[in-house]
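Novice: In case you want the letters, here they are:
4 protein chains.
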Amino acid sequence: MEFEESGIGEECGVFGCVAAGEWPTQLEVAQVLTLGLVALQHRGQESAGIVTSNGASPPTYTTLKGMGLVSTAFTPEALLKLRYGNLGISHTRYSTTGISELQNCQPFVVDTLHGRIAVAHNGELVNAQALRKKVMRHGVGLSTSSDSELITQLLALTPPIEERDGPDWVARIKNLMSETPTSYSLLMMHKDVIYAVRDPYGNRPLCIGRLVPISKLHSSGVEEEDTEGWVVSSESCSFQSIGAKYYREVLPGEIVQISKHGVKSLSVVPRPEGDLPAFCIFEYVYFARPDSIFEGQMVYTVRQRCGRQLAIEAPTDADVVSTVPESATPAALGYAQQSGLPYIEVLCKNRYVGRTFIQPNTRLRQLGVAKKFGALTDNFAGKRIVLIDDSIVRGNTISPIIKLLKEAGATEVHIRVASPPLRFPCYMGINIPTKEELIANRPEFKDIAGYIGADSVHYLTVEGLVSAVQEGIASFQEDKMISSSSKSSNRVGHCTACLTGKYPVELEW
Amino acid sequence: MEFEESGIGEECGVFGCVAAGEWPTQLEVAQVLTLGLVALQHRGQESAGIVTSNGASPPTYTTLKGMGLVSTAFTPEALLKLRYGNLGISHTRYSTTGISELQNCQPFVVDTLHGRIAVAHNGELVNAQALRKKVMRHGVGLSTSSDSELITQLLALTPPIEERDGPDWVARIKNLMSETPTSYSLLMMHKDVIYAVRDPYGNRPLCIGRLVPISKLHSSGVEEEDTEGWVVSSESCSFQSIGAKYYREVLPGEIVQISKHGVKSLSVVPRPEGDLPAFCIFEYVYFARPDSIFEGQMVYTVRQRCGRQLAIEAPTDADVVSTVPESATPAALGYAQQSGLPYIEVLCKNRYVGRTFIQPNTRLRQLGVAKKFGALTDNFAGKRIVLIDDSIVRGNTISPIIKLLKEAGATEVHIRVASPPLRFPCYMGINIPTKEELIANRPEFKDIAGYIGADSVHYLTVEGLVSAVQEGIASFQEDKMISSSSKSSNRVGHCTACLTGKYPVELEW
Amino acid sequence: MEFEESGIGEECGVFGCVAAGEWPTQLEVAQVLTLGLVALQHRGQESAGIVTSNGASPPTYTTLKGMGLVSTAFTPEALLKLRYGNLGISHTRYSTTGISELQNCQPFVVDTLHGRIAVAHNGELVNAQALRKKVMRHGVGLSTSSDSELITQLLALTPPIEERDGPDWVARIKNLMSETPTSYSLLMMHKDVIYAVRDPYGNRPLCIGRLVPISKLHSSGVEEEDTEGWVVSSESCSFQSIGAKYYREVLPGEIVQISKHGVKSLSVVPRPEGDLPAFCIFEYVYFARPDSIFEGQMVYTVRQRCGRQLAIEAPTDADVVSTVPESATPAALGYAQQSGLPYIEVLCKNRYVGRTFIQPNTRLRQLGVAKKFGALTDNFAGKRIVLIDDSIVRGNTISPIIKLLKEAGATEVHIRVASPPLRFPCYMGINIPTKEELIANRPEFKDIAGYIGADSVHYLTVEGLVSAVQEGIASFQEDKMISSSSKSSNRVGHCTACLTGKYPVELEW
Amino acid sequence: MEFEESGIGEECGVFGCVAAGEWPTQLEVAQVLTLGLVALQHRGQESAGIVTSNGASPPTYTTLKGMGLVSTAFTPEALLKLRYGNLGISHTRYSTTGISELQNCQPFVVDTLHGRIAVAHNGELVNAQALRKKVMRHGVGLSTSSDSELITQLLALTPPIEERDGPDWVARIKNLMSETPTSYSLLMMHKDVIYAVRDPYGNRPLCIGRLVPISKLHSSGVEEEDTEGWVVSSESCSFQSIGAKYYREVLPGEIVQISKHGVKSLSVVPRPEGDLPAFCIFEYVYFARPDSIFEGQMVYTVRQRCGRQLAIEAPTDADVVSTVPESATPAALGYAQQSGLPYIEVLCKNRYVGRTFIQPNTRLRQLGVAKKFGALTDNFAGKRIVLIDDSIVRGNTISPIIKLLKEAGATEVHIRVASPPLRFPCYMGINIPTKEELIANRPEFKDIAGYIGADSVHYLTVEGLVSAVQEGIASFQEDKMISSSSKSSNRVGHCTACLTGKYPVELEW
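Each protein sequence line maps, in turn, to chains A, H, B and S. Per the working numbering: the first sequence = residues 56 to 564. Per the working numbering: the second sequence = residues 56 to 564. Per the working numbering: the third sequence = residues 56 to 564. Per the working numbering: the fourth sequence = residues 56 to 564.
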């Protein structure tokens, strides 16, 4: 909800599952796909889709798509249609283009010379327009505006191998990767296999989990033969809800094949010499669920470190520390710990305020976002508050909150933002308001405190954010690398383009 | 409803409209498209779709699709989205494949190198499988099983002209026609033009109408400048409901361009030397609405002639003639006129009996189709009835009706069928039960009267049907030909494949 | 549909079913109730309701209600809820008040001191306002505007018997009947019994049928022990669709008890001395389905007689006779038979034109009702038509049809109306436009032919209509009376108030 | 969600609004009613209803009802119907009976001799069965099982005043109160007035707010003439979201009249001599939103005091304190403050896990409630946790959470419950599992820690809870009483029946 108001939005979440062992499987693949998707719901609420395959020759695919939340899009009756699936991929979508139609809903399924394939994609191709033209010049009509269809047609048309030679999907995927550098985390299903692919910059997340008996979920000694299936997901937070153990990340540039026989790394496509990885730093700041693990560290812990760093960079003479519930809470607790100020709650959020209809130009509209919050007056009346927010995008949501707190008795409200000012557009999968709408690019920003009614405002520095993120990665890099050959592709690096304007690739690529 | 029970079904109806004169038009194009489609609803009730274009450079297309009847699929609110359309095409679909999904709903819209195109199709390509493989071999992934997508991709990929040369759609359409002989009546919209195309055999119908001021709708002296727009439709029955005058048929093999400047015949692609046209004779017998005009004659009149012919071929010693309401009524009236027997009504049909849920294996199921009918007992008690039906497909619907009439007091029931026995599958757009299900191919057919409980049964002969159809065409051919150059393509001929097994083209084409 | 446009509408249909023999029954009571209701759908399309009882002590009632047609209102899943019913009543409603809400949907169910009762009602209480006030003065709050609730509360509150005495429903029903003379055909269910009640004037129809094995449906020798259940319905046309045999009418003023033990006449409440019965003559003319039986004669036959009578009263010098499909067809055939003119079809009706959205003030609106019809031009071009309509209410629907026929080539169109002009409001259950809206009360009526564009117009006389209706009743009265004691209440008489202004009871009753 | 799983549920929330000053009002009454209801959504999610009146003579009422959340039940289009309302009442319902039907949705509206009234009710009449029988003995049929209809009919039938005398609603309400002692917080609308009533024991909450210009929302000097309208609500948490200032509570036994002229206390009906008030203590513990104010104190503060008290009663040798998000958070922070242990977060909750379909008997079902939570492992691995929960009802939800924490690395998990064990049913509006289902009544309770897998378990004592609640009331009582005459009815007292079995009134009342 805050996302919608702030105007920042993630594009998508992808999730896949392959049952291990003999087929037909006893594993409830359709349910795993559904619940896995529910756990990625924060990455997109516009539409959802699932495609399963029975894995036979030829395979039977079953597709289910719907608008809205997963729980709305799929009825129990509809899910029954998927019950013969032995593997499948699923997708939840956030609309960045404003064209909210079932037709754009992923996964995208097509018949090719080499059989039916299904594709689910998180990210945004930086050179999508050039690629569309290339595909159309080949004589292909494109029926949607989605990158997923574009990717699918690119996989279908290159290289032009004869039917008898077989598809060689790995060659086709490599060819696709040579056509576009970033950003994509991709699942492609063909018959009985899922290919999990991450672009060479690793801009969007993707990780693998192992389904084990619930009773062995958290025990350390899980045997190979305990594996009931494999899952692959945008975020590891989905693993708890389906009873999977975290296995590993898909590396930047890696093509992984997941089948009933297990997980196999097929290739790691390198970046151009000298380029660092460019994992989106806003996944840590904003998008990911706090219990997800990226690069060996928990997102919650990174946010807490951001809060600590903020307390170091911008200490405040105040009585209490609090949060704008609830995404800023880890940072607020970090700030409190570092500063020694007591942590309290000052706002109570109404979870049911959603799409309630408000007529324009009424007194109720003046209440703004404050409609959603109740002030916990007794907790802070007469006190000076440090209020931690995770970001300030347009500046129009924090202002009514400050007003609410002051009118309810706060003597001072100091805003501390646990990320740097957002100044630049993203072309790699995040929906950000135009430069003109971003408060950091507007004249009011010179007196941002005055503009939003705060007693003071401080943002975390870019350096502070990067160090808070990268501090926890070092040891991980040494310990957990699965392959020495891929070391070079795993030097630490993050995309901070929206904060610094430094894009990981040339935009005219 | 009878169609569903008999198991015969039409595939589709197509409809298009272009506003004449200056744009933005005052003509209510979206409403014309909707009402035109409603008038073709008998050709398909599964889903409906409309695509409009504002005709600008580049054009804005708006698409609306939905499941079910036109009135269900499109809400008034949704139709508002189409209000800026200056031209458009629409489609209503009957599901032959059993895959009833929004995704298969037409028109199909794609972006090509030469801009966005929309395609609506009635018919079935006899060589669809070979064409699919050809398209996929070119590297195109096909996302649906519909011929419409296949046609669209064929139009997009051939010939491989450079962007700067422009699309040359006529060459592309001719190329398409060289790839597949039949059956298709096709509407293709590109920017500000609709191309109306009929396959060289003229297997599916297509005709053109002119929108004039309502006040001049039926006056003979309509001036060129009175034209408010042009419509193109599977059947002319749609013209009355939108206030259009019948203009002419699209000829077999003809490519017609319809724009705001008027109607222009671009080409007539010939059939192979010696081949006759092959307009589906079952359009006359069964599918078309009785007020539609094909080949210069009204369907109702043909059906009435079939009834007369039937009375000549199979006279009956009986008291009264009646009909199975209501598609057989014209034939019944023809039979009555020819035989001199009085025409009466014996059955009253409940229009609301539709998809009411009946549990299997109950006594109510034994009532069968008789549930839908009330016997008008007083009209026929103690009398011998000649009951005209338009066709007997499986033999399971006429039987309970005969039982109902007899139990209500009819002393004899003689069945006269106004078409010959159905014996062969159709590969050109009509959904017919398998050969094994057709009563005419079953052992019971030897004693069909006994099997269905009638006192006697006679079918119209193939010769009788053909002569009843073609008798009205002769004068028409001489009078109304629009172009002498196309004479050769208009010799009289009809497809009777489902009755005779003689298909107009080699099936392995 | 015509009803809606003409502005005349029936209020409701009621239907009940009790399984005979041992309970739990094998009879599919819920399906019988549903299909019976579907067969009464022409009496009301706004909402539908079913209440079943298992008949136990205490009984379990199950209620299902929904908006729209029966097929829309009840899903197969929902109908499953009713599967334990051993008896039940159902109702389909036409909205006369404009308040179209689920809340007004019948049957109405309440808990009383003597257990739960359910009530379904067809008709309109002439003294409803006075009764509402009486009930409210007793201290009862009324939650709907429906007469059904009013009747239910009247049954609950009178007479004030103590719980230990039992309800004595017959006394309560008689008391209700003493409070209001007409109009009501009523079904009341209590535990294991349905009471079927018709007001002393017999203004609304009600009849009883017997469910027998389908195999014995039309044989004459049905034994007592063959009875599978009893049904009670507004019209006998519903019997065919559920496999029931017509048993008899409920008499004016009669209270019939239907239980698993059979049908029992409890009482016949007499009319005031000298009053005749007043069965609504418009049931014959317009509302009822042609295969229904009233007063021993088939509605179709009466309509045919009206056509014959019309030919006698208003002969025409013309070439052909035809009908406005399809309610006027029996009268048209009657006119043709009497006049010797040939009967043909001139109009083809599009069954799918329904609630399609048409923007106001467009050229399409000018087409009016003609949108629904295709002209069968070849049948009548150059001919003089006698066109039979069943009634002309506002005069706005026949006019575009005449125009359509003339423009399509009819040289003359003579309108013959198979009923007299409508001039007065109905207070007994029929929705009729206001006096000012009725064409017969307007100045234009003086030149009605000119006004609607016909070459001549003639209506059936009131005397002609009454004799056409009553001619078939005489013999029936002598033959079939079930009880000599009730003879006096069955002298022949009909309500012609909407035609003559003579109401069967004082309106200030 | 937890409520549903724990099996405790509130019955309802009520909300009303009257526009001040001249009518038609400029105040967006329908929106205020809707948003007010949204803020009470935690009190009931099954259905919602709104009734507005224009306040004229006679008034026009408009009713809107729907199933599900307020945002689902009311579309923007539907809300437009309410736009002429000058006052109105609304209701949100939690289904306790399992009969989830639109019919039971409140407010209940009826026509009485004295005009139409609408009633919304929170609570449960302890003597509902006796009252139902009394009403039915009077001859009233009851169409629903809801207490709201019962109350409405009681208001309608007593006393039997003649129409000319006027309704005297206050006498009728007093009569109702003499018939039933508890529990009810009631809104009754008649024409242009809302009566707000609270039962003499004050068992359910009800308070009044004043709508002021948004700009003056939190300033202290609001003038009489600034009043834009009055609102009345189950909880004051709704005031923030509509821009209202807290005005005062409705007192136990008080009848308040709210009109455009202001708020007027009409009467305070006393309790029997010696009886204390009996405000439901579980409103503090569990149901109410933390920012609501009861008896002059914020619910959040009471919960925090419960946490402090729990730390005193049950100190723990542990490393960190945490919460089961998120209702237990105030108590957890209180426990942390009192104990000096650091407060951390250990669980991350997936807000989207809702009604997702899980097949029974699958491995996913074994995950239980843990599906909803992600473990924030890094925060607590290797530590001893004190986990605060607000209540343990059945014992089946806390157990999987403990398992999850332990498997994720917690060395000890000590459960501290911020309320006493639930042992007795509630007959006054709260839905509690049967005695047999309550874990505190089961044999397993003797070793509750072992049963749920905790290292130790302690509940707050009843005395501890009561003192935590009442400690904040003392000063309030002296300061804020609006009327000295009502002092006696405001001595401090709470209903602890579900904990102690001591009910405020005799149950056979």
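Incorrect hints may have been included.
As the list makes no split between identical chains, a pair holds if one copy fits it or if it spans any two.
[What the hints assert, rightly or not] Straight-line alpha carbon distances no greater than 27 angstroms define the calculated DSSO-like cross-link-like pairs of lysine-lysine that follow:
1. Lys189 - Lys229
2. Lys188 - Lys229
3. Lys300 - Lys271
4. Lys319 - Lys229
5. Lys300 - Lys404
6. Lys490 - Lys229
7. Lys461 - Lys300
8. Lys136 - Lys271
These are calculated hints, taken from the structure and not from any lab test.
Novice: Please go over all the hints and tell whether each is borne out by the structure.
Specialist: Verification of the hints:
Taking CA atoms no more than 27 angstroms apart as the test, lysine 189 paired with lysine 229 passes in both settings, with 17 angstroms inside one copy and 25 angstroms between copies. Taking the shortest Cα distances, lysine 188 and lysine 229 sit within 27 angstroms of each other both inside one copy (20 angstroms) and across copies (24 angstroms). Proximity of lysine 300 to lysine 271 under the C-alpha cut-off of 27 angstroms is restricted to the intra-copy arrangement: shortest distance 9 angstroms within a copy versus 55 angstroms between copies. When the C-alpha separation of lysine 319 and lysine 229 is checked against a cutoff of 27 angstroms, the pair qualifies only within one copy, where the shortest distance is 16 angstroms, while the shortest distance between copies is 49 angstroms.
Taking identical chains as interchangeable, the C-alpha atoms of lysine 300 and lysine 404 lie at most 27 angstroms apart only when they sit on different chains, with a minimum of 18 angstroms there against 33 angstroms within one chain. Taking CA atoms no more than 27 angstroms apart as the test, lysine 490 paired with lysine 229 passes in neither setting, with 35 angstroms inside one copy and 49 angstroms between copies. In this assembly of identical chains, the alpha carbons of lysine 461 and lysine 300 lie at most 27 angstroms apart only when taken from different copies (15 angstroms versus 46 angstroms within one copy). Within a single copy, lysine 136 and lysine 271 get their C-alpha atoms no closer than 30 angstroms, and across copies no closer than 43 angstroms, so neither meets the 27 angstroms cut-off.
Of the numbered hints given earlier, the model fails hints 6 and 8; all others are met.
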